[in-house]
Amino acid sequence: MLELGGVSLITLLPVAFFGVVASFLGGATKRMSWVRAGERSLAYAAFLVTLAVAVLVIQFFRNDFTNSYVANHSNAALPLFYKATALWAGQEGSLLFWNWLLSVYGIAVLLVHRNRNRDLMPYVTGILLVSVAFFTVLNVFIANPFRPLVIEQASNQVLFTPGDGLGLNPLLQHPVMAIHPPTLYLGFVGFAIPFAFAMAALLARSPGARWIRLTRRWTLLAWFFLTTGVLLGARWAYVELGWGGYWAWDPVENASLMPWLTGTAYLHSVMIQERKGMLKVWNITLVAATYFLCLFGTFLTRSGVVNSVHAFAQSPIGAYFIAFIVSGVFLTVVLVRSRREYLKSEATFDSMISRESTFLFNNLILLAACFAVLWGTIFPVISEAVRGEKISVGPPFFNKVNVPIGLFLLFLTGAGPLLAWRKTSFAGLRRNFTIPVAAAVVLTAALLISGVRNGYAVVCFALGVFVVAGILIEFSRGTRTRMRQTGETLFRALGGLVWRNNRRYGGYVVHLGVVLLFAGIAGSAFNKDVRGEVGEGETLSIGDFAVRVESIEEGATPNYEFERADVSLLHDGEVIRALRPERRFYLASEQPSSEVEIYSTLREDIYVVFASRGPAGGAVIQIYHNPLVKWIWIGAIVLTFGTIVSFLPGGGRKRHP
Amino acid sequence: MTLILLSIIPLLGIILLIPPLFKGGRDVWDVPEARIEALEEKKRMLVHAIRELDFDFGTGKLDVGDHDAQRGTLKEELAEVVGRLKKEEGAGG
Amino acid sequence: MSFKGNGKFVAGFTVIVLALGYLAFSGYEESKAYYRTVAEVKVLPDDERHLRLKVNGNVEEGSIRFVGDGVDFLLIGDDQSLPVEYRGSDPVPDTFRDGSEAIVTGNIRDDGVFEAKKIQAKCASKYEATYDSEAHTITTVEEADTY
Numbered sequence: 001m002l003e004l005g006g007v008s009l010i011t012l013l014p015v016a017f018f019g020v021v022a023s024f025l026g027g028a029t030k031r032m033s034w035v036r037a038g039e040r041s042l043a044y045a046a047f048l049v050t051l052a053v054a055v056l057v058i059q060f061f062r063n064d065f066t067n068s069y070v071a072n073h074s075n076a077a078l079p080l081f082y083k084a085t086a087l088w089a090g091q092e093g094s095l096l097f098w099n100w101l102l103s104v105y106g107i108a109v110l111l112v113h114r115n116r117n118r119d120l121m122p123y124v125t126g127i128l129l130v131s132v133a134f135f136t137v138l139n140v141f142i143a144n145p146f147r148p149l150v151i152e153q154a155s156n157q158v159l160f161t162p163g164d165g166l167g168l169n170p171l172l173q174h175p176v177m178a179i180h181p182p183t184l185y186l187g188f189v190g191f192a193i194p195f196a197f198a199m200a201a202l203l204a205r206s207p208g209a210r211w212i213r214l215t216r217r218w219t220l221l222a223w224f225f226l227t228t229g230v231l232l233g234a235r236w237a238y239v240e241l242g243w244g245g246y247w248a249w250d251p252v253e254n255a256s257l258m259p260w261l262t263g264t265a266y267l268h269s270v271m272i273q274e275r276k277g278m279l280k281v282w283n284i285t286l287v288a289a290t291y292f293l294c295l296f297g298t299f300l301t302r303s304g305v306v307n308s309v310h311a312f313a314q315s316p317i318g319a320y321f322i323a324f325i326v327s328g329v330f331l332t333v334v335l336v337r338s339r340r341e342y343l344k345s346e347a348t349f350d351s352m353i354s355r356e357s358t359f360l361f362n363n364l365i366l367l368a369a370c371f372a373v374l375w376g377t378i379f380p381v382i383s384e385a386v387r388g389e390k391i392s393v394g395p396p397f398f399n400k401v402n403v404p405i406g407l408f409l410l411f412l413t414g415a416g417p418l419l420a421w422r423k424t425s426f427a428g429l430r431r432n433f434t435i436p437v438a439a440a441v442v443l444t445a446a447l448l449i450s451g452v453r454n455g456y457a458v459v460c461f462a463l464g465v466f467v468v469a470g471i472l473i474e475f476s477r478g479t480r481t482r483m484r485q486t487g488e489t490l491f492r493a494l495g496g497l498v499w500r501n502n503r504r505y506g507g508y509v510v511h512l513g514v515v516l517l518f519a520g521i522a523g524s525a526f527n528k529d530v531r532g533e534v535g536e537g538e539t540l541s542i543g544d545f546a547v548r549v550e551s552i553e554e555g556a557t558p559n560y561e562f563e564r565a566d567v568s569l570l571h572d573g574e575v576i577r578a579l580r581p582e583r584r585f586y587l588a589s590e591q592p593s594s595e596v597e598i599y600s601t602l603r604e605d606i607y608v609v610f611a612s613r614g615p616a617g618g619a620v621i622q623i624y625h626n627p628l629v630k631w632i633w634i635g636a637i638v639l640t641f642g643t644i645v646s647f648l649p650g651g652g653r654k655r656h657p
Numbered sequence: 001m002t003l004i005l006l007s008i009i010p011l012l013g014i015i016l017l018i019p020p021l022f023k024g025g026r027d028v029w030d031v032p033e034a035r036i037e038a039l040e041e042k043k044r045m046l047v048h049a050i051r052e053l054d055f056d057f058g059t060g061k062l063d064v065g066d067h068d069a070q071r072g073t074l075k076e077e078l079a080e081v082v083g084r085l086k087k088e089e090g091a092g093g
Numbered sequence: 001m002s003f004k005g006n007g008k009f010v011a012g013f014t015v016i017v018l019a020l021g022y023l024a025f026s027g028y029e030e031s032k033a034y035y036r037t038v039a040e041v042k043v044l045p046d047d048e049r050h051l052r053l054k055v056n057g058n059v060e061e062g063s064i065r066f067v068g069d070g071v072d073f074l075l076i077g078d079d080q081s082l083p084v085e086y087r088g089s090d091p092v093p094d095t096f097r098d099g100s101e102a103i104v105t106g107n108i109r110d111d112g113v114f115e116a117k118k119i120q121a122k123c124a125s126k127y128e129a130t131y132d133s134e135a136h137t138i139t140t141v142e143e144a145d146t147y
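Note that the protein sequences, when read in sequence, are chains Y, G and D. Position 641 of the first sequence, counting from 1, maps to 641 under the working numbering, and the rest follow consecutively. Position 14 of the second sequence, counting from 1, maps to 14 under the working numbering, and the rest follow consecutively. Position 52 of the third sequence, counting from 1, maps to 52 under the working numbering, and the rest follow consecutively.
So here's chain Y without its partners, still in its complex pose (with noise of 0.2 angstroms):
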């Protein structure tokens, strides 16, 4: 089995490399048989890649312990769904699941755009081959997932097949985390596709935003599958990590939100190129950056430079990921340096007050945002390498820049979509801006009398209903347009609106998922905790709430022992809720974990957590309490919602509303 994995990986090796001489030769050269080899080459090189994942995901499954991976990501025990997402538990699986996502997306996009755009295909074939190429290197050479198990034994390197293996990371052991890794890993892979259709368009020398419109759909998708890779992170920490929070500004959390920052820009200012012909150097630059930032987000995930509790691998594989992305840096600029007369902008920006400037600012606000970020994360290298001296930055400086941010970039989305393109006048100011400002007025009012005191959270609610009240006006808007038109119901004609300018409408569904989703976080401002030692029928409150520990009992399973309090949640006096928060020892990773209890309701959660057995016998209980929290996790799923109906084919084409 081993040898069959780690052939497929070699022979990948000068599959891919033929695939990138090949297809770059049949792109200059326009012959057809160079053409016709490089798109075999990457159909070959995903038949390999799928091969060994194959290879790797059997050997989990049979428990076979003589490849020292699996013996190091997992044990009999473990069930078996977590058997297959141990495939990416560490650097060697991840790294060839990445390729794996690649060259399948690469398959998907051959046989979208094949027949048409044959300028450009075999370019995008071969950039798509050349990180396939870079991950396969780091598969064979650095990381290989199909190596012996090899113990030293009186000096001599012995074959060594251990009875067990060390098991799967209980961090690991979650349904969420299970799905995490793979759709940010979809998110970070698919910006591949839109990057290699940019540099295709500059080597073709194709004008205009032909690569924009080709790769509408798959910018989107990935797009989708990194947020959603994001916010499941969040929902991970939260629910798993038992701190009571969701982000924690841990390198390996910033490394996925970079890239999501200029990936959001990007498909903002595509919008600006695609009315106006303007800003084709930057779209180029945002599309490149977002995914450079994604490899980037990997290589900190998976390389421990900067220290970071969950970015588990310590390895040479810096040097390899800093080598190509800077290479890949030098080659963009220089690519895009030679075809500036291509690049040259149709228009200029007429007005401050119009949407193209709102798109504008928000660019350089989430460019800003996305710089920090960067700037905070690799702080400690930087800082090493200039002065010498190793400093870190903490939250507050992430929080510090990025809420201002965050609340600036809130009234964008609610201004944006009220301004016209070009300029708009005074009068189109007072009639689109009066009742979002008048919501927005009242409900700052509102919270000041009922006492809320906290001045970004304020900000944030009144933003918020700005937002939402525009959206709603937009809806009403357009449905009750196509009533008139079309004397349809009221639910037909808003599903038909949408359905004919989906792109617009989903975009505005989007915008309502991320008030909630900031909504949530302006929660956090009032967030509150207790923690203390409670003995059984002792009780522990936080404001109405409170804990009555009942009793607190010991077992075991086959994959772990446990320790669970069952404790009473009280509301005002009354009993509303049991829970069962539970500390656990996994036997074969020798790791404790706490499994946390959360009471949930759209007004807070009730975070409960076992964090320790306290001195005198008691359990140590640590309440968070949240509030809002759970708009978050809604906001996640309506934005979700959003990205999926601009995504649907719809019908654009219609004059009418």
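Rather than coming from a laboratory, the hints here were simulated on the basis of the structure. Be careful, since some hints might not be right.
[Unchecked claim] Here are the simulated DSSO-like pairs of lysine-lysine, each with C-alpha atoms no more than 30 angstroms apart in a straight line:
#1 Y:K344 x Y:K30
#2 Y:K30 x G:K86
#3 Y:K423 x G:K75
Use these hints to put chains G and D onto chain Y, whose structure you have.
Just chains G and D now, with coordinates in the frame of chain Y:
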């Protein structure tokens, strides 16, 4: 035995990838001419812009003044692009 | 981008960038922490005693004592040990236990005790650990086989 089975993998690669190189000589495809493609792009852009402008006017988001002024400019630009496109295509044969 | 002759954009961007720069700097001042080894903390010069520090080491076996809602332990590094008191608001991480690698963030007190506001911990038998480098793991596995 294992060795023979394993060697199938690289051999299959050679069989799949090398022969296409000797098939079919110069199979040059049509490349859209850059200047014409650029004009087509611009035309598409302007048509789209006018459509969206009318849409926003239809729903009452834009008032008459803003709408008419912008539509005029866009129409003029469109007419010019269409004219140049006709000339290019005529010249190109 | 083309803002030629459009001073308003440039002015707007400048204001935003300056404001963010100021916030970034104040956030940095508030949260910066200096990496120090246990040995360095033991002989910390006076002008560095007020700094927020990040110290890396291993938790000494058997030194963990839960006190009320906090924890006291000894952090080992460079063959020296540093007494640490943790009274932070978050529960001690799951991975924090005898022998685990820990990073504590906080300040050194005049009595030489490190007052930690935050603990990050990694298990000694790390996820990436391999059998060949982890002698003790092999013994456990072999014991399990013989018994």
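Where does the structure disagree with the numbered hints, that is, which hint numbers, in rising order? Violated hints: none; all satisfied.
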